[in-house]
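*Asks:* Mind docking these for me? Both chains are given alone in their own frames, and the hints should help you get the complex.
From first to last, the protein sequence lines stand for chains A and B. Take the first sequence: its letter number 48 is residue 417 in the working numbering, and every next letter is one higher. Take the second sequence: its letter number 25 is residue 9 in the working numbering, and every next letter is one higher.
Across the chosen pairs, the derived CB separations fall in these ranges:
id, chain 1, residue 1, chain 2, residue 2, range
1, B, Leu87, A, Leu466, 35 to 41 Å
2, B, Ser48, A, Glu428, 43 to 49 Å
3, B, Arg(-3), A, Ala597, 51 to 57 Å
4, B, Lys82, A, Glu537, 31 to 37 Å
Beyond 10 Å from chain A on every Cβ pair, some chain B residues (computed):
id, residue
5, Arg(-11)
6, Asn(-7)
7, His(-6)
8, Leu(-4)
9, Leu1
10, Ser6
Derived from the structure by calculation, the hints contain no laboratory data. Where a beta carbon is used, it is the ideal one built from N, C-alpha and C, also for glycine.
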Amino acid sequence: MWMHNPLVATLFWSTVTIGSYLAARAIGRRWRFWWTSPLLLTPIGVGAVALSLHAGYGEYIAGTRWLLLMMGPATVAFAIPIYEQRALIRRYWPVLLVGVAVGSTLAMGTALALAHLLGLSDSIGLSLMPRSTSTPFAMAVSSDIGGVPDLTAVFVILTGICGAALGEVVLKVMPLRSSLARGALFGMGAHGAGVARAHQIGGEEGSIAGLVMVLAGLFNVMIAPLVAALV
Amino acid sequence: MTQNRSALNHLLRTARLALHRSMLVQLGVLAGFWMAGEGVVRLVNLPVPGGIVGMVVVLALLASGWLRPASVRRGASWLLAEMLLFFVPAVMAVLDHKELIGLDGLKIAAVILLGTVTVMGGTALAVDLCWRWTQRLSREARHVDA
Chain A
370 MWMHNPLVAT LFWSTVTIGS YLAARAIGRR WRFWWTSPLL LTPIGVGAVA LSLHAGYGEY
430 IAGTRWLLLM MGPATVAFAI PIYEQRALIR RYWPVLLVGV AVGSTLAMGT ALALAHLLGL
490 SDSIGLSLMP RSTSTPFAMA VSSDIGGVPD LTAVFVILTG ICGAALGEVV LKVMPLRSSL
550 ARGALFGMGA HGAGVARAHQ IGGEEGSIAG LVMVLAGLFN VMIAPLVAAL V
Chain B
-15 MTQNRSALNH LLRTARLALH RSMLVQLGVL AGFWMAGEGV VRLVNLPVPG GIVGMVVVLA
45 LLASGWLRPA SVRRGASWLL AEMLLFFVPA VMAVLDHKEL IGLDGLKIAA VILLGTVTVM
105 GGTALAVDLC WRWTQRLSRE ARHVDA
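So that you can see chain B by itself, here it is in the shape it has in the complex (with noise of 0.2 Å):
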């Protein structure tokens, strides 16, 4: 009965290590997360994507101390590093649609240049302005404190 139960310990702790060490069981977690995402969405139908809805869950996991970030890490860090990848088959849809390549296309591209300058100018504008504003709110309730 001990034995059983200390041989069960080895088992579990190898399998923790292995965990820990293998990107691949990493990965094996991520993706897993990502389809008990896709379940729930399905089930609930729920207008997000899956995998929103399983870092979402991992993220809970992390805050309550049941999954440590090593156990997921090296996996995490792979899948943000080639993440570019996994866009290409996706923009591939162009095959399909060669009335891009032209006119419109020009007009398109103007289109999300000027754009995408407007976005990030207004975002990081506004975000910096609400910044300082904090700041110097902090600033104040300090020298009221003191």
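Excised from the complex, chain A in its bound form (with noise of 0.2 Å):
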């Protein structure tokens, strides 16, 4: 009844994000593996109100559209740290563009031939293929290529999740002598979550990755069509 009223709404769903995400940061911050990531421990949390309560994602993304909403400043934030590293991107572009391209390749790739090979249904295995890029690109190539948006936006947060943590178990692996590699393996396999965790490691890093992920975004939604006619 309380809930009915938008503002009550907004408030509470909006405390109960917030509130979820700075005891998960805390979390993460204090111990440091794979599943203490803030994107994995905030849904949980805000799912276990929502559950608790019988919301559904209707109720709850009415209240909580503005947070959602600040990936636009954040996609334009991207700005500096790419204008910061000019020089380094002025010098090794194609370098760039072949990750990406190689990358993309790949990201669709393994999605279309997994879902194939486990029996994952078309629009599931659809669904899965913009996953590596950032949301809003991602649920663009989406629509335009036959999956669910909504299904590719929660993909594409499982594989942040995932690209954060296993991008260092791949970096002691393989014998990388670049920041231009280790920075574009963070932002070609885990978005922004993968950004983040690049800056970690290291500013130029971090601006290769951020860089390479928008590019990842161009990159998939301008070949979206031919994939479309492909699949």
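*Replies:* What follows is the structure in structure tokens.
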């Protein structure tokens, strides 16, 4: 009843979300494991509240849409680190472009092949294809190629959690000499979450990851019509 | 007249200082670029998110010197540091997809896990090989010069 007031609902769900996030962030800083990522713990906290109140996604998102919209200004904010690494980027952009093309092809190819192999439905397979790009791009590509954008948003986040955790394992195994390759690994494999992780490794890595993430998004949006014609 | 102008100058200087110091104002500026980007996307029907258009515009302004990095750096750092929070509402879509909990969920997790490792390994390998190749090329070029 009290939830039917949009103002109350916004205040309530925003408080739950931000509160869970702050708690998860504190836990993540205290204990550093892949499963203490705020990207995993926050949804678990919010989900527990939503389930106990029998609230659906519609109710929840009506109260927190403004947080989702903050992703817009956050995307604009990437201009600063990219600008600050312009010398590196001017010198190596062809190399980064090769990485983005290889990475995007692998992301789409593995999604399609593995989903088929495991007998997942076509709509899930298609929704999995753009999962390596950041949410706004991925949702746009998903609807272009016949996936379910809602599902893609969930897969994108799972990829982010997975990639931010696995990135360091892959780094240890591979003898990478350049900050270029280390940054590209995170930006291509785990979009925003990977960029955040790459920034912890180094400023150069972080900026490269940010740039690769943006390039990967643009690349995927551009090849989406081609992919839609093929699958 | 001159008094008016000096008052105006003073006001402009105060505004500029406030812009440099206040994170909230900087967030407002970044949000403004995002909204302008959304407007352009809707107007011209671009297949790109509005935030990206805003980012390209800010990059162009920074490169041309119209905007100084210091004017937006604090706001940008905050947004980038707390970005994970803005992802959370999107993940909660899982509330309406309970079919993902179970066997299909495990299969999807397997696809994401294997796929992400492949993407990371492949991308890093491609970039590193290209980088070594360009390093060798530039070394050889220097050799020829000498």
